[in-house]
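Line order of the protein sequences matches chains A and B.
Reminder that position 534 of the first sequence reads as 534 in my numbering, one-by-one numbering, no gaps.
Reminder that position 3 of the second sequence reads as 3 in my numbering, one-by-one numbering, no gaps.
The hints are simulated quantities; they were obtained by calculation from the structure and are not laboratory data.
No residue lacks a Cβ here, since even glycine has one placed at the ideal position from N, Cα and C.
Fair warning: there could be bad hints in the mix.
Simulated DEER-style distance windows between Cβ atoms [claimed, not checked]:
1. B:K5 / A:S26: 47 to 57 Å
2. A:S414 / B:K5: 13 to 23 Å
3. A:L307 / B:K5: 21 to 31 Å
4. A:L307 / B:E77: 46 to 56 Å
5. B:K5 / A:R525: 51 to 61 Å
6. A:E582 / B:K5: 42 to 52 Å
7. A:E171 / B:E77: 54 to 64 Å
8. A:S291 / B:K5: 12 to 22 Å
9. B:K5 / A:P571: 20 to 30 Å
10. A:K643 / B:K5: 30 to 40 Å
11. A:R661 / B:K5: 25 to 35 Å
Some chain A residues well away from chain B (every beta-carbon gap over 12 Å; in silico) [to be verified]:
12. F50
13. I113
14. Q132
15. K189
16. P264
17. Q330
18. F401
19. D407
20. D459
21. D544
22. E554
23. G642
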Amino acid sequence: MSQFTRYLAAFADGLDQYRIQVSESSPVELAQRAIQASSEMRYSPIMPAFLSRGAGPPEIPSEVKSVTFVFSTAPYQTLGSLKPLLASDELRLIHFTLGLASLVFLNFNMERIEDLCDSISMFPLEHWPVNQGMVRVHEIVKKIPEKTCCTHEPVIQLPASFHPELRVYAEQIAASLQALWASYETYFKEERNTLRQIVAQANSLIEHHTELQQTLANNAGILEQKKANAIRAGLVEISAALSYAVTQGTSGSLPVLSSRSPFPHHSLLGIGGAVRAITKYTRSLERAFASRSAYEVITQRYSKLQLSVPKMLSAYNSGPEYKFPTSTQQEHFDLGPDCPEQDPIPLIAHFSLRHGFMESKFSVTAASEALTAESMPPWTLMTLSHEIMHSRVRSIFHALFGKTWDDAAHSVLSENEYDEFKSWIAAVEPEQRMNLRSSLRNMVLVFCDAVELLSNPVDRADAEEAEDEDLPVAKLSERYSRHKYMAIELMVHFHDYYFIYARQPLPYLMSIWASWIKVAPPYARPLEYLTRSLATVASGTGLDKKAAFDQAKEYFLEAVDALKAAGTTSPLYEELQKLLLERENELRAYFEACYYLIDNVRLFFASGTISERVDALRFDPLAEGSTSPEDYGYSIYVYGEGKPVSPVRFALASLFKTLKRNHEIDDTQWLSAWNLMVISS
Amino acid sequence: MIGQKQMLDIICTEGIEYGGLQEIPGQQHGGRTSFHEAKRGTRSVEKSSIECAGPDTPCVPYHLRLVREADGTLTWEE
Chain A
1 MSQFTRYLAA
11 FADGLDQYRI
21 QVSESSPVEL
31 AQRAIQASSE
41 MRYSPIMPAF
51 LSRGAGPPEI
61 PSEVKSVTFV
71 FSTAPYQTLG
81 SLKPLLASDE
91 LRLIHFTLGL
101 ASLVFLNFNM
111 ERIEDLCDSI
121 SMFPLEHWPV
131 NQGMVRVHEI
141 VKKIPEKTCC
151 THEPVIQLPA
161 SFHPELRVYA
171 EQIAASLQAL
181 WASYETYFKE
191 ERNTLRQIVA
201 QANSLIEHHT
211 ELQQTLANNA
221 GILEQKKANA
231 IRAGLVEISA
241 ALSYAVTQGT
251 SGSLPVLSSR
261 SPFPHHSLLG
271 IGGAVRAITK
281 YTRSLERAFA
291 SRSAYEVITQ
301 RYSKLQLSVP
311 KMLSAYNSGP
321 EYKFPTSTQQ
331 EHFDLGPDCP
341 EQDPIPLIAH
351 FSLRHGFMES
361 KFSVTAASEA
371 LTAESMPPWT
381 LMTLSHEIMH
391 SRVRSIFHAL
401 FGKTWDDAAH
411 SVLSENEYDE
421 FKSWIAAVEP
431 EQRMNLRSSL
441 RNMVLVFCDA
451 VELLSNPVDR
461 ADAEEAEDED
471 LPVAKLSERY
481 SRHKYMAIEL
491 MVHFHDYYFI
501 YARQPLPYLM
511 SIWASWIKVA
521 PPYARPLEYL
531 TRSLATVASG
541 TGLDKKAAFD
551 QAKEYFLEAV
561 DALKAAGTTS
571 PLYEELQKLL
581 LERENELRAY
591 FEACYYLIDN
601 VRLFFASGTI
611 SERVDALRFD
621 PLAEGSTSPE
631 DYGYSIYVYG
641 EGKPVSPVRF
651 ALASLFKTLK
661 RNHEIDDTQW
671 LSAWNLMVIS
681 S
Chain B
1 MIGQKQMLDI
11 ICTEGIEYGG
21 LQEIPGQQHG
31 GRTSFHEAKR
41 GTRSVEKSSI
51 ECAGPDTPCV
61 PYHLRLVREA
71 DGTLTWEE
């Protein structure tokens, strides 16, 4: 395996005395050397940007005479504009990084840097002259471009509270917002909008908490106390996410030696560029979905739309209307008036080693492993899309089951929801006409009831003799609470499969089963995970339940074979194949319940207009005029041309390359950094 | 993807369902079990405020069952 990844290390030999080294040796060796010399060492990986097709990694210069950091906010495009300006022996000296200092030039003197001003003068810059390996710290040049915009941007009003408990959160949130506001001015201007939305939400939460405190002082009930607790939990979430955004997103800013990154293996330059990549990835999806709010569509339109939907899970058999349209036929979700999301709150994106890929109300995290292994299927940014889809489904569930602030409801399911479920059940027709919002809610309840029953089938003889017992509403509520996670996961799977994986069953199955072998739950509950994946690729086929299962099973077996052929193996695959042989009856029963729900989610939540926005291929230079995700391709020898690339399609294309073992080089860390650098641009 | 007003209502709903329990677990030992759903299990059903079925609890005339046939196949019946 060729090693393209390099490390730029700065050893502190004394106060203001920095010895630098560019090395291809393991960073552990560098750290060991620092321990032996009793010196503090900071380092970051740097990647040679201009590789030659078929050639190995470019040579490291024998002597480093200078290091120039360029804080480009669009390094991919900067590389594209630099390339024609550079001599062939200069190309090997340009590196990209995961830090805010996204480009590093070795051995370019200041005169030559000035020559390149057309490409880089709009970004901050720091230049270190080096003599015999020592940085001449007193000659370091720092440049920040003058602000060209003189428009007055409205400032944010920081949250404040005099409540002794809330004060802690308010102060922490305010301090983080201040740090981010200053940093975004230079490094991520458009993210100031996120801060505005977060401030508005934090202020609103504090205001509502204050009102609740007054009510509680007047002997209010347990409901008010629960709401106050939930508000505090929300403020803690905001506070924690902002803290991460500060430590990860702002370290590594100019001057480089002034702040140490909290990531020890990126301690010199930080990971600000990688944070920008996952933020841009998240924003691209949020923008696409905000164009048509699921909450608004459900509450404004589906709540009035009288449609016949199948109420009987046992009789559900799909049909042609469920099949993905091949023409330009509009989906239910796209019909009716515009329903943009009102004041959407962007998710704060950061990396986490402990949480891995995860979504919460105010944040989304990518596994820290992605920093070095994004180009491997288990750590691909495609998994981040699954988490972002949780936010969408959170909104859908809220529209179906959510309470409003002024509700006096104490229970998980309201009386009205029970009544609507009752009348849905009581209707004689198998396809009950009811407003679609209620029908969808009832389908989720039926699904949750079915999942509960899966573990306890009755023998035919007993079933004939047993009397049907009515279902207590408390039990229905309990079953909903217990199994709604499964309904949520199925809805997320559909959104992921349809919008992100462009309805491609084989790549989808390969991707999720390459990642699921790395985590514990599929080993603990293989039947559930297998069924989830089968039901997902069955949705939108229009096939009856038997044929849909058979086809999904074939896809699964084909995907596992392809994974094995590409070198991804796991004993879990054998276990799953065994399940398909030995427990097919259980699998089919589970599948039928899942198919009932996910196929109807497909019918009412697929959206051609959002899908087109997710693809964002019309202006993407890598799409080369095609608007089909299947045609999307890229090369590490091609550089940016101005327009940004579609983050989701780029990440998917990279995943395909990995699954087909089709990457141009075999350095996982370099490829991962390349992907993050392109998306950050 | 979630609007300001909607978020407040979501927090309120979570207050009713979970009493204000935080969504992100405090995994003290940092062991990751899943990046898809397991960590969401902090709010397991035991921790939520589920109403208990008592003798006076109203019922819904809904009868779904999963029947095992003599040949081992499973059939949903309503």
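Hints, verified against the model:
1. B:K5 / A:S26: 47 to 57 Å: Between K5 (chain B) and S26 (chain A), where Cβ atoms are some 52 Å apart, the hint holds.
2. A:S414 / B:K5: 13 to 23 Å: 19 Å, holds
3. A:L307 / B:K5: 21 to 31 Å: Holds, at about 27 Å.
4. A:L307 / B:E77: 46 to 56 Å: Since the Cβ atoms of L307 (chain A) and E77 (chain B) sit about 25 Å apart, the hinted range of 46 to 56 Å is violated.
5. B:K5 / A:R525: 51 to 61 Å: Once the Cβ atoms are compared, 37 Å apart, the range 51 to 61 Å for R525 (chain A) and K5 (chain B) is violated.
6. A:E582 / B:K5: 42 to 52 Å: Given about 51 Å between the Cβ atoms, the range holds.
7. A:E171 / B:E77: 54 to 64 Å: With Cβ atoms ~60 Å apart, the hint holds.
8. A:S291 / B:K5: 12 to 22 Å: 18 Å, holds
9. B:K5 / A:P571: 20 to 30 Å: 49 Å, violated
10. A:K643 / B:K5: 30 to 40 Å: Distance hint for K643 (chain A), K5 (chain B) holds at roughly 35 Å.
11. A:R661 / B:K5: 25 to 35 Å: 49 Å, violated
12. F50: Check passes; 34 Å lies beyond 12 Å.
13. I113: 42 Å, holds
14. Q132: Non-interface label stands for Q132 (chain A): nearest chain B Cβ at 43 Å, farther than 12 Å.
15. K189: 22 Å, holds
16. P264: For P264 (chain A), whose nearest Cβ neighbour in chain B is about 15 Å away, the distance exceeds 12 Å, so it holds.
17. Q330: 22 Å, holds
18. F401: 7 Å, violated
19. D407: Nearest chain B Cβ is 7 Å from D407 (chain A), so the label is violated.
20. D459: Check fails; 5 Å does not lie beyond 12 Å.
21. D544: Check passes; 14 Å lies beyond 12 Å.
22. E554: Holds, because the least Cβ-Cβ distance between E554 (chain A) and chain B comes to about 20 Å, which exceeds 12 Å.
23. G642: G642 (chain A) is indeed farther than 12 Å from all Cβ atoms of chain B, at 29 Å.
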